[in-house]
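*Asks:* Letter by letter, the chains look like this.
2 protein chains.
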Amino acid sequence: MIKFQAEIDVMPKKEILDPQGKAVTGSMKNLGLAEIQNIRIGKHITLEIEAPTAEIAHAKVEEACKNLLANLIMESYTFKIEAV
Amino acid sequence: MIKFQAEIDVMPKKEILDPQGKAVTGSMKNLGLAEIQNIRIGKHITLEIEAPTAEIAHAKVEEACKNLLANLIMESYTFKIEAV
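Chains as they are written, first to last, in this note's numbering: chain A, 1252 to 1335; chain B, 1252 to 1335.
Chain A on its own, in the form it takes in the complex (with noise of 0.2 Å):
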């Protein structure tokens, strides 16, 4: 068995109103930097995997994004995989 990390980016779908976002970029303006715009916020996993080959830790990753980790509604995620 082979020790993966994956990290995964899970995010708000682009055409979902992100309202926690919205709200920090306006804090940004009072803290004297209203260059910044736009922001989006999701969540950021990471988790270890044991599997025979990185296909599988592949396919198991996906499977827990899936079901579990991403509500495929309103968000969209990706990810990564390595060995460790």
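It is worth saying that the hints were derived from the structure and are not from the lab. Each residue gets a CB set at the ideal place from its N, CA and C atoms; glycine is no exception. Hints are not guaranteed to be accurate.
[Stated by the list, open to error] Interface residues of chain A toward chain B, partial, derived using beta-carbon atoms under 7 Å:
1) D1260
2) K1280
3) L1284
4) I1287
5) N1289
6) I1307
7) K1311
8) E1313
Model the placement of chain B on the given structure of chain A, informed by the hints.
*Replies:* Same frame as chain A, now just chain B:
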């Protein structure tokens, strides 16, 4: 002015418990994904910034992370910037 996109990861520090990650790790077993371990959940933030140089954009994003996006007592952050 050049437009940059920044991708920021804000994660709970290693020595800090991550109860949300722990709960999700437990749920993986019920999904038949017991080979997934040690889940940690943080934030992934994307933003746009206009600045005359990449160095200035970098400094501004650093300032935003320190003052607003991350709680440095409990969280650490990493980011990368690229021109868009």
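*Asks:* State for each hint whether it applies.
*Replies:* Here is how each hint holds up against the structure:
1. D1260: With Cβ-Cβ at 5 Å, under 7 Å, it holds.
2. K1280: 11 Å, violated
3. L1284: Holds, because the Cβ-Cβ distance from L1284 (chain A) to chain B comes to roughly 6 Å (cut-off 7 Å).
4. I1287: 5 Å, holds
5. N1289: 5 Å, holds
6. I1307: Violated. Min distance 9 Å.
7. K1311: 6 Å, holds
8. E1313: Violated, about 11 Å.
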